[in-house]
Every structure is written in structure tokens, then in C-alpha cells.
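Protein chains in written order, with UniProt numbering: chain G, 1 to 48; chain R, 1 to 443.
Since the hints were derived computationally from the structure, they do not count as laboratory data. Using N, Cα and C, we set each Cβ at its ideal position, and we do this for glycine too. Heads up, some of the hints might be wrong.
Label-pair ranges, simulated between beta-carbon atoms [stated by the list, open to error]:
1) G:Y22 <-> R:I166: 28 to 36 Å
2) R:S48 <-> G:W16: 37 to 45 Å
3) G:R19 <-> R:V99: 39 to 47 Å
4) R:W177 <-> G:L26: 28 to 36 Å
5) R:L152 <-> G:W16: 27 to 35 Å
According to the in silico footprint, chain G covers these stretches of chain R (three or more CB under 8 Å from chain G) [unchecked claim]:
6) 2-12
7) 135-149
8) 257-264
9) 269-275
10) 410-420
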Amino acid sequence: MTDADVDPAREPWYRWGRRVLYAEMLIAVLVTVFSLSLAFMGQAGYIA
Amino acid sequence: MQEKTEQLIIATVGFFWAFLMWFSTAAFSTSISSAFTLTTGGLALLASSALWLAPPGRVAAGWAADRFGAHNIFAFILAYSGLMSVASAFAVNYDVLFVERLIVASAGISFVVGIQHVSQWFDSHEIGTAEGIYAGTGNAGAGVGALVLPRLYGTNFDQAFLHLGIVALLIAAVYKWRGRPAKDRATAETARANSNLKSTLYVWTRFAAIGLMLAYAMSFGLEIAMNSWLPTYYATGFGDAIAGLGFTGVAAIQTAAGTFAAVQSFNASLFRPFSGYMSDLWQRKGWTPYPFLSVEQGYAPRVHWLFTALCLIIASLCALSVAGYLGVLPLSVVILAGFGVCVSFGTGGVFAIVPVMFEERPGVAAGFVGGVSTAGGIVYPLAFGWMPNIHSGYALVAIGLFVPFTLFYVWAMRSDRGLSTHGIGSRERWLGPSTETAPGGDD
Chain G
1 MTDADVDPAR EPWYRWGRRV LYAEMLIAVL VTVFSLSLAF MGQAGYIA
Chain R
1 MQEKTEQLII ATVGFFWAFL MWFSTAAFST SISSAFTLTT GGLALLASSA LWLAPPGRVA
61 AGWAADRFGA HNIFAFILAY SGLMSVASAF AVNYDVLFVE RLIVASAGIS FVVGIQHVSQ
121 WFDSHEIGTA EGIYAGTGNA GAGVGALVLP RLYGTNFDQA FLHLGIVALL IAAVYKWRGR
181 PAKDRATAET ARANSNLKST LYVWTRFAAI GLMLAYAMSF GLEIAMNSWL PTYYATGFGD
241 AIAGLGFTGV AAIQTAAGTF AAVQSFNASL FRPFSGYMSD LWQRKGWTPY PFLSVEQGYA
301 PRVHWLFTAL CLIIASLCAL SVAGYLGVLP LSVVILAGFG VCVSFGTGGV FAIVPVMFEE
361 RPGVAAGFVG GVSTAGGIVY PLAFGWMPNI HSGYALVAIG LFVPFTLFYV WAMRSDRGLS
421 THGIGSRERW LGPSTETAPG GDD
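Just need the whole structure built from these sequences, with the hints factored in.
The structure is reproduced here in C-alpha cells:
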């Protein structure tokens with residue numbers, strides 16, 4: 001069986017694993033937008 | 001819960017805490033400087049010391065993980081660094097504190113131990129996502145430390161070091177109690193049997209391993225270099241623009257500059273699991289778009305994904321220089337955020353390949369790739385600071401170092417020959433005739 005034949009999405013861990021990685025990306029985007037908006041309004045310091 | 005899920009969680013929590021301790025000294029550098037009246041030079045020495053032990057320490061830790069089992073080595077690292085963190089809370093003079101924090105910072109070598117641990121549990125078709133979640137979540141410990149610790153403890157760094165050390169000891173106990181070295185005895189035995197000097201030299205002399213090491217130096221080495229360099233860069237290169245936003249005074253400008261720098265750190269860490277996922281996806285779909293890279297190896301699509309990441313890192317680094325020359329602060333910061341994502345593509349891409357390429361020697365290979373490359377964190381800031389114009393350092397490193405690194409990567413990965421012959425000396429040269437070697441072969 002090759003990698004192409006295997007669908008890891010069927011495994012339980014892979015489902016929550018994908019949720020974790022989506023959540024982490026969302027956190028990164030939110031922190032970036034929030035912090036930079038504060039910084040450009042002259043209120044930096046949230047994550048510094 | 002599946003047992004491999006439990007092992008992934010244990011490794012991830014352990015690495016998160018190890019990373020938190022690794023960079024906890026930096027989070028309190030101002031307080032430590034004030035308490036012990038350090039000079040600027042002394043403060044810089046303290047900051048750079050966090051990286052000193054990583055290159056040799058990771059090489060040794062990777063080998064030890066193969067030899068003695070990741071659960072034993074990870075628990076040991078957390079235990080000694082935790083004890084030393086507790087001791088550092090009671091340091092009476094700066095010399096003692098410096099040595100104790102140097103030892104605590106060595107907790108960062110646990111990275112390769114966890115990489116080995118995860119690789120022993122997850123199959124090749126899902127390894128990118130698993131390693132990405134482990135390493136990406138763990139890397140975020142640095143950003144979380146910078147964000148939370150000063151707010152939680154103020155200037156009481158001794159209390160923070162005490163509590164961090166106690167929790168590390170607890171995690172070490174859990175790791176030792178619940179950790180298992182591999183999904184089955186045969187897998188663990190193969191890694192153990194291959195953890196000898198000849199095996200190590202075999203890995204170190206493979207051109208593909210050297211290519212991956214350079215790729216990791218371009219990504220993780222650059223990430224930690226930027227962590228220490230960016231606050232200085234923005235405060236110096238964009239001081240007037242930051243002042244124009246209303247940040248007046250040295251402390252305020254440093255705070256604003258630190259905010260911009262932290263954006264890079266967060267993105268580079270938290271997008272890393274996505275890169276591992278992308279590597280798995282490319283592998284599953286069989287995407288190999290570059291005609292100058294080999295398509296013969298079983299992991300070829302992962303190699304192609306990593307090449308994409310390396311090109312993005314070079315492009316975004318050059319773009320940072322251009323934005324600096326233009327003097328447009330918002331543009332520079334937006335590019336920096338994208339740069340962090342590109343770096344994460346590189347870090348996640350490398351360790352989606354290493355355990356697959358060196359299936360029988362994951363710890364030794366992770367130690368080489370993840371250890372030697374960390375030297376980039378020490379070298380790049382020197383190159384950035386060496387240029388007369390502060391904005392040109394990025395382009396210098398991108399063109400002078402990263403383009404040759406990438407060309408070597410392409411050369412190493414374009415060969416259709418297997419690992420056994422594409423290196424300095426053949427497999428037989430290092431390991432002897434196949435009938436006399438330990439099980440496994442990575443080829």
C-alpha cells in the first residue's frame with residue numbers, strides 16, 4: 001500500500017489534529033491583527 | 001484515546017515547557033539586568049548564552065534518544081533543567097545565576113528527543129502533521145513566555161524560575177510514567193541498534209541530510225536569529241516612524257519594536273503544523289512540480305514542498321530589505337508577518353522529511369539536522385549588524401548564504417541515487433556489508 005492509498009483523515013487523532021492546527025493558525029492571525037492594530041494606533045505593548 | 005495520541009500530547013506538553021524555560025531568561029532580562037546592575041555587554045552575553053549549548057547538545061540528545069528511549073531522555077532533560085531552574089531562584093550572585101540559567105537553557109535540546117519520540121509512533125503518511133503539531137505548539141512556548149511571564153510575575157523573576165522548575169519536575173515524572181519509546185518493540189530496537197558512531201557518521205555524510213540541515217538553518221536558525229535581532233532592527237531602522245506613531249522615549253520605542261518582532265515569532269511557530277499538513281497533502285497527492293528535483297524517491301513530494309518554502313523564505317527576506325530601504329514601516333511589518341509564515345513552512349517541511357528519510361535512525365538524524373543548524377541563530381545577527389546600512393543585512397544573508405544553501409539542497413535532492421550511494425563514502429564504507437549491520441538501512 002502506498003501513501004496515496006492511505007487516508008489519514010479516517011483516523012480519530014487526525015481529525016482533532018487538523019482542528020488544532022487550524023486553531024493555532026487562527027490564533028496567530030488574531031494575535032497579529034490585534035497587536036499590529038494597537039501598535040499602529042500608538043498603543044503597542046500587548047505581546048511585546 | 002489512541003496510545004499514539006497520548007504520546008503526542010506528552011511530547012508536545014514536555015517540549016512546550018522546555019521551550020518556555022529555554023527563553024524564560026530573556027523574558028526577564030530587564031529585571032535581571034536591574035537586579036544585578038549588568039552592563040549592555042553583560043546583557044547581550046546573557047541573551048546569546050541561551051543558544052550556546054543547542055548545537056552540540058542536540059546532537060548528543062538525538063543519539064541518546066535512539067539509544068535509551070525518548071521517554072527516558074526527555075524526562076531526564078526536564079528533571080535536571082527543572083532542578084536547576086529551582087536552584088536559580090535562590091542564586092545569590094550573578095555568576096551563579098548565569099551558569100544555572102545556561103544549564104536551564106539547555107532544555108531546548110529536548111526538541112530532537114520529541115521529534116524522535118513522535119517519529120517512533122506515527123506512520124509516514126501522517127508524520128508531517130504529527131511532527132508539525134508537536135514542534136509548532138512547542139515553539140509557541142517562547143512567544144507565550146514573552147507574553148505571559150512578565151505580566152504574571154512582574155519583576156519577580158526568582159518566583160517565576162521557581163514555579164517553572166517545579167512544573168518541569170512534574171512533567172518529567174509524567175513523561176517517565178506514561179511515555180513509551182515506540183509503537184512496538186521492534187521499532188525501538190532498530191533505533192537502539194543503529195545508535196553507534198558508524199551509523200552517526202553515515203547520516204552526517206549523506207548529501208541529503210546536509211541539504212536538510214542547511215534548509216533548517218535557513219528556517220529555524222533564521223527564526224531564532226530574528227527573535228533576538230528584530231527588536232534592535234525596528235528600534236534603530238524605524239525609530240522615527242515609530243516615534244511618529246506616538247511612542248516617545250526609549251522604553252516606548254522598544255515596546256513597539258518588540259511588538260512587531262513578536263508577530264514574526266508567533267506566525268513562525270503557529271503556522272508550523274500547517275506546513276507539516278501541507279507536506280502530508282503534497283505526499284498524498286503526489287505533487288512534484290519541479291523538473292530539476294528527483295521524483296524517484298518515495299518522499300519526493302515532501303522534498304518539492306520544502307523547496308517551495310525555501311524559495312519563499314529567500315523572497316520574503318529580500319522583500320524585508322526593500323521595505324526597509326523604502327522606509328515604509330507598515331509595509332515592513334506586513335512583510336514580516338508573511339515572512340514568519342514562510343519560515344514556518346520551512347521548519348515544518350524539514351521535519352516532515354527527516355523521520356521518513358532516516359526511518360531507522362530518527363534521533364541521530366534529528367540531532368544532526370536540528371542541532372548544527374541552530375548555529376544560524378548566532379551567525380545571522382552578526383551578519384545583519386555587520387552591514388553599514390541596517391536594512392541591507394537581510395538581502396546579504398539571502399543572496400550570500402541562502403541562495404547557495406538552496407542550490408546545494410537542489411543538487412542533493414535532484415539525484416535519483418539512493419541515500420546509500422549519494423554521500424561522502426558509500427553505505428558499505430560506513431556500515432560494512434549489509435549482512436553485518438544492525439537492522440534497518442534508511443534506503
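Evaluated hints:
1. G:Y22 <-> R:I166: 28 to 36 Å: 33 Å, holds
2. R:S48 <-> G:W16: 37 to 45 Å: Given a distance of about 39 Å, which is inside 37 to 45 Å, the answer is holds.
3. G:R19 <-> R:V99: 39 to 47 Å: 43 Å, holds
4. R:W177 <-> G:L26: 28 to 36 Å: Given range 28 to 36 Å: holds, Cβ gap about 33 Å.
5. R:L152 <-> G:W16: 27 to 35 Å: 29 Å, holds
6. 2-12: Held - the stretch 2-12 of chain R has 4 residues with a Cβ nearer than 8 Å to chain G, which meets the minimum of three.
7. 135-149: holds (count 6)
8. 257-264: With 7 residues in contact (Cβ-Cβ under 8 Å with chain G), the coverage given for the stretch 257-264 of chain R holds.
9. 269-275: holds (count 5)
10. 410-420: Not satisfied, violated; 0 residues make the cut.
In the structure shown, a violation is registered for the earlier hint numbered 10 alone.
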